[in-house]
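S.K.: Below, each chain spelled out in residue letters.
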Amino acid sequence: MLSQKLIDKYQPVIGLEVHVQLLTASKIFAGDDNLYGSAPNRNVSVITLGHPGTLPRMNKKVIRHAIKMGLACGSTISKYQVFDRKNYFYPDLPKGYQTTQDSTPVCIGGVVPVKTLSGFRKEIILNRIHMEEDAGKSIHLVGEKDTLVDFNRAGVPLIEIVTEPMIHTAEEAAAFLQEIRKLVRYLEISDGNMEEGSMRCDANVSVMLKGAKELGKKAEVKNMNSIRNVSHAINHEIERQITEIEKGNEIISETRTFDVASGTTSGMRTKEELNDYRYFPEPDLSPMEVTDQLLSEIKAEMPALPKELVQLFVESYGLPEYDAYVLTDTKELAVYFQKLGEVTGDFKTSSNWMMGPVKSYLNDSGIEIDSFPLSPDQMGLLIKAVQSKVVSQSVATQKILPVMIEKPDSDPMQIAKEMNLIQDSDSNSLQPIIDEVLSANQAKVAEYKKGRKGLLGMFVGEVMKKSKGKADPKLTNKLLKESLSV
Amino acid sequence: MKLNQETLQKIAHLARLEFDPKSGDQMLKDMEEILTWVEKLDELDTENVAPLTHVSSEINVYRPDEVANKATHESALFNAPKKDEDYFRVPKVLD
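For the record, the sequence lines run as chains A and B.
Under the numbering used here, read the first sequence as residues 52 to 537, first letter to last.
Under the numbering used here, read the second sequence as residues 3 to 97, first letter to last.
Don't read these hints as lab results, they were simulated from the structure.
Since we're looking at a predicted model, the values are computed, not measured.
Only true hints are included.
Listed next, the in silico DSS-like pairs over lysine-lysine satisfying Cα-Cα at most 27 Å (straight line):
#, chain 1, residue 1, chain 2, residue 2
1, A, K137, B, K72
2, A, K196, B, K84
3, A, K146, B, K84
4, A, K399, A, K166
5, A, K399, A, K525
6, B, K12, B, K42
7, B, K12, A, K146
8, A, K440, A, K519
9, B, K72, A, K146
10, A, K521, A, K440
11, B, K85, A, K196
12, B, K84, A, K188
13, A, K188, B, K85
14, B, K94, A, K188
15, A, K458, A, K519
16, A, K450, A, K521
17, A, K501, A, K529
18, B, K94, A, K273
19, B, K12, A, K268
20, B, K12, A, K269
21, B, K12, A, K137
22, B, K94, A, K196
23, B, K72, A, K188
24, A, K111, B, K72
25, A, K390, A, K440
26, A, K173, A, K233
27, A, K495, A, K519
28, A, K146, B, K94
29, A, K137, B, K94
30, B, K85, A, K146
Given these sequences and hints, build the entire structure.
M.R.: Take a look at the structure:
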């Protein structure tokens, strides 16, 4: 472990390249399925396999998905685009080149505002987003003399999101990835699943002395299949580079791979040291022109984005910012909450229910909102029962909600009746209980009258106990104060 | 245009082609001749001319996002020099 003092001497500089597999039925340039988890080499076609004489043809949905991402990030959408060939040899790349965009990326620039776990806010500037095809998968088994190749993934549509080198900590990188994952899920252009490889991240990491003008040599770290691993890999790489520099060694520009088990990175033994991709325009795919009409069509399809919802929730519904962030964490959660607010007509109260009982049920059962047994309409019935003072808040959350979750079709009013939980808002039936409580606690009553007003809560609690939770707390408070002032 | 043996080796490597070292000098001479011939194009002033990336004037040729024209697993593997029931097999590439 390096001392904090040593680490503080250096400024890490990180740029991220995020590959996102797009949700489509077919591949980017051919009609074979874009499907994860099939048996090897089942989702293939002559185009994907690079057979001579075949011609690729662009999938219309891919450019629409890519433009959506650009619009969500405030990028400039390129009006005129071509694909380029990136030439290199690798067995999982059958054509000997990857079809990608080099000179005319679909989106230029853009910004992704992030908030780190410790609350630091930053706007991460994008360099570009471009479209390309995924490669196949090479499998190197221990003790196997061949490399096995599966082309199911070859030709799966990707966007690559490239940031400017302006990220300085692993925490910022993690916040950026979380934001990207949230965005692609809101836009429904990808499932953003890092474990299954539908979102992948390479990190370009370098360090320089603070105040230095020139960036240090960078290492590109690959092979991280979760946001947590990206953080670990970046932190390890920063420490490794500082250690090397402090020893007087030079950092080599190289590709390094992250090993989850040891939490360290190591240089990849590549046979191919020469990176000369010789990009040139792909003559087999026609240029693409993004018309104003196409742009307005896509804009019309855009859902509300998380940052827009946060603003709406804070400014129009009066929610605290923290609650607004929690409720927009997934699109499903935000949609559920908005429906609930519409049903109850009270967004603030609905938010309290979401942040309290609903969230804790989801956390305890380890499920997401889409598996929550109650629809917003049913939840709304329960909240309305509290709003109309039929049952108290505590009875609703502690007694009725668990029953409803067990029997999602049940009516909260019916449950309240059956369980004898209807709130007592009748002063005629409450007064005798209050009188009983006060006469049983005469010493405390005397103290109260001498000025220990804090005892009121104790009296309320006693009344609630005697009424088995059915007493209306507000009315109880009022009646108690009246009785005690006599 | 003048080339050296090093460039020739690099180009051969990038193309994954091998040649008989004895023919190196002749090959270098041939390549230089070809490049000199192509250099003729440099005489034109293309300063304000956008590069021609496509010969056809077609734009926006898209296909709908539908599954079609798949190859069967058997036909995909049929011509592979080495294979098993699931995979293409290639000489080991170390990562």
